[in-house]
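Residue numbers (my numbering), protein chains in the order written: chain S, 1 to 418; chain X, 1 to 310.
Derived from the structure by calculation, the hints contain no laboratory data.
Listed below are the simulated PhoX-like cross-link pairs for lysine-lysine, each with C-alpha atoms no more than 20 Å apart in a straight line:
(1) X:K283 to S:K270
(2) S:K407 to S:K378
(3) S:K79 to X:K283
(4) S:K22 to X:K306
(5) S:K152 to S:K275
(6) S:K142 to X:K283
Coverage of chain S stretches by chain X, computed from C-beta distances (three or more under 8 Å per stretch; other residues unrestricted):
(7) 129–143
(8) 146–158
(9) 276–283
Ideal placement from N, C-alpha and C gives every residue a C-beta, glycine not left out.
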Amino acid sequence: MAPNDSAETIGEATGTVVGRRKAARYIVPVAVAGVAAATIGLVPALANAGDPDLPKISAQELIEKIAASDEEQLSGTFKISTDLGLPLDGLAGSFLPGADGEGKDGGAAAPQDKLMELTSGTHTLRVAVDGPEKQRLSILGKASEYSVVHNKGEVWAYDSTSDEVYHAEAPEGAGAEKEAPRAPKGVPATPKDFAEQALAAVGDTTSVTVDGTAQVAGRDAYQLVIKPKQEGSTVGSIRIAVDAENGVPLKFTLAAAAGGKAVVDAGFTKVDFAKPAASSFDFTPPKGAKVTEADELETGKDEHGKAQKALPEQFSGQIPGLEGLESSEGVNVIGEGWTSIAAIEIPGGKGLPTAGSGDVPAEAQGFLDALGDKVTGKFGSGTVFKTRLVNALLTDDGKVYVGAVTKDALVRAADGAK
Amino acid sequence: MSQAEAALTATTAPEDNGPRPRKPGNPRNPLWTLGILRSEITTTLRRHRTYALLAVLAAVPVLIGIAVRIETGGGGSGSGGGPDGGGGPAFLTQVTNNGLFLVFAALAATLPVFLPMAVGVVAGDAIAGEASGGTLRYLLVAPAGRTRLLLAKYASVLTFCLVATFVVAASALAVGALLFPVGEVTTISGTRISFGEGLVRAALTAAVVAASLVGFAALGLFVSTLTDSGIGAMAATVGLLITVQILDSIPQLSGIHPYLFPHYWMSFADVLREPVHWEELSKNFQLQGLYAAVFGSAAWARFTSKDITA
Numbered sequence: 001m002a003p004n005d006s007a008e009t010i011g012e013a014t015g016t017v018v019g020r021r022k023a024a025r026y027i028v029p030v031a032v033a034g035v036a037a038a039t040i041g042l043v044p045a046l047a048n049a050g051d052p053d054l055p056k057i058s059a060q061e062l063i064e065k066i067a068a069s070d071e072e073q074l075s076g077t078f079k080i081s082t083d084l085g086l087p088l089d090g091l092a093g094s095f096l097p098g099a100d101g102e103g104k105d106g107g108a109a110a111p112q113d114k115l116m117e118l119t120s121g122t123h124t125l126r127v128a129v130d131g132p133e134k135q136r137l138s139i140l141g142k143a144s145e146y147s148v149v150h151n152k153g154e155v156w157a158y159d160s161t162s163d164e165v166y167h168a169e170a171p172e173g174a175g176a177e178k179e180a181p182r183a184p185k186g187v188p189a190t191p192k193d194f195a196e197q198a199l200a201a202v203g204d205t206t207s208v209t210v211d212g213t214a215q216v217a218g219r220d221a222y223q224l225v226i227k228p229k230q231e232g233s234t235v236g237s238i239r240i241a242v243d244a245e246n247g248v249p250l251k252f253t254l255a256a257a258a259g260g261k262a263v264v265d266a267g268f269t270k271v272d273f274a275k276p277a278a279s280s281f282d283f284t285p286p287k288g289a290k291v292t293e294a295d296e297l298e299t300g301k302d303e304h305g306k307a308q309k310a311l312p313e314q315f316s317g318q319i320p321g322l323e324g325l326e327s328s329e330g331v332n333v334i335g336e337g338w339t340s341i342a343a344i345e346i347p348g349g350k351g352l353p354t355a356g357s358g359d360v361p362a363e364a365q366g367f368l369d370a371l372g373d374k375v376t377g378k379f380g381s382g383t384v385f386k387t388r389l390v391n392a393l394l395t396d397d398g399k400v401y402v403g404a405v406t407k408d409a410l411v412r413a414a415d416g417a418k
Numbered sequence: 001m002s003q004a005e006a007a008l009t010a011t012t013a014p015e016d017n018g019p020r021p022r023k024p025g026n027p028r029n030p031l032w033t034l035g036i037l038r039s040e041i042t043t044t045l046r047r048h049r050t051y052a053l054l055a056v057l058a059a060v061p062v063l064i065g066i067a068v069r070i071e072t073g074g075g076g077s078g079s080g081g082g083p084d085g086g087g088g089p090a091f092l093t094q095v096t097n098n099g100l101f102l103v104f105a106a107l108a109a110t111l112p113v114f115l116p117m118a119v120g121v122v123a124g125d126a127i128a129g130e131a132s133g134g135t136l137r138y139l140l141v142a143p144a145g146r147t148r149l150l151l152a153k154y155a156s157v158l159t160f161c162l163v164a165t166f167v168v169a170a171s172a173l174a175v176g177a178l179l180f181p182v183g184e185v186t187t188i189s190g191t192r193i194s195f196g197e198g199l200v201r202a203a204l205t206a207a208v209v210a211a212s213l214v215g216f217a218a219l220g221l222f223v224s225t226l227t228d229s230g231i232g233a234m235a236a237t238v239g240l241l242i243t244v245q246i247l248d249s250i251p252q253l254s255g256i257h258p259y260l261f262p263h264y265w266m267s268f269a270d271v272l273r274e275p276v277h278w279e280e281l282s283k284n285f286q287l288q289g290l291y292a293a294v295f296g297s298a299a300w301a302r303f304t305s306k307d308i309t310a
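Input sequences plus hints: build the corresponding full structure.
Right, here's the structure in full:
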């Protein structure tokens, strides 16, 4: 410590020397800040550099590995970022039925409402799975948490913000569980669900390759890359990182053809294939918390039915396939594979209210116009509503063309249909 | 003047015109450092101003507790937050059912403004207050060296952080136990832990909150070395706090948010998850450590090289 006193003790020395010594001390904080900045910049780069060395594997083998994967127990932290580019992205949540926090009448802790929130922004989730009978999914919020626990036929949901509980019997209450019995919840939030949906779309239209390896959540993984072969799709590529050891999909990334940030980026940041603690699936409603039974929600059922229906629509819209739409009446599917476009006749044959028609106040009309782009073609004219993945063309004569395709492809489809 | 006196009585250092170079062969008594540290801590904690700050902090949980108690009409169960439950500070809705949650609610309510403001006052005053009171040169008369004086000052500010946080927590625990039932604790993950473990979590939470203030304390100390006006240093420190908090709330600046010292403050709530979610907590600790290193060394560079005129 003695040298630290030197500034005072050599006070008689020439001013320039003292000044230089004084200035030299400021090197310390600057150096500390510099080292910190370098560490922040370099550590992720170094972490990414270490792609693991794994034996080569074909795409076919890798898909089999996924299919053969029978891990029934896992727990981990999961991060999901979605950037669908919906018009007015920040408000998207409030447009979706039942997604707003205000709809408390129907039971604030009902799962459908909360899961809609995952469709925009970045969320951290925790998952724990122990066989088909016990699952747990928690959405970590700021100083709050929303948990859904499924334990042998009982589904509990707990919202710590409002201290409210939602309870349902699994067979009726959680229809979503039937579709994906191993998934914690209906929304394909785990990489496994995403992978299955994407692989279902594989055909002549798609290239599936294995593209190197990666480290995901500290585990070695193969990267499966799925790319559309057709022109005009808005999907750039789908990347699935598959655990090299047990074939569990660990990360799912959907990139738009236009580039930029991934549309959907979901993956484990921490994963453990050991049996989760049994206590994490036990749930007893906290003292004094308001408990809403699923049966009591009869009155609010319409609203929730809508929300429930909106879920698969939302996602089948994202993943090309659109099987759900094919079956409904008044819907034609033009094209196939990635560029399939659903053409829907609106009963009544009326398009968007146009300016001057008097149906809508002028302000609302301006708002609607601002959301879409006007296009014209052989089919007449219409409005294109764009997101980063799904585009929709609403013609003035009341037809809707929807698909994960570019605007030009939509116009071509509309022209062809004329 | 009391500080200078305390410093002088704590040592038997002979008066001199300034800190002298140490004589070789005359090793420092290791207790010496503790002497200056002890005198700094006691003078910091024994000031009337400190009592006033702690009293204000202790009053916050009392106010919250009484307000929640009145609102719920004498302990009726359920519907704690009324129709707009979930508004206001975190954990407020759980307070009616478990008094222990008042600790978390009070910490959540005081952490954004009250606690750092109190710390800013103490830290900002640490050096500049002595300078404006004319006592700094007397403190430097003791042959402790400026570095050790600075370290002792920083340690006393950190002690204040810890004391202030635990005053809030203890007051909240007392009020919570008086006004509301206590018992098994439901974590925000929905699992249950025993009341004893809940107390451990509460203590851990308070420690995390105190640690969250480490970076800001270093920043305040640095500001304090820049000026000879105690009031100026306090105002600048608290002003910085408010500015940074505003920056942290502007979504367009999300790129710089992870580097702002209050950004991970609310991560203390992660202690209440089951299992504890350490990711953001460790980010918080790293960030606070970084601020302490950068501004601590900047304060050192400034304080050891500046002319003491007052």
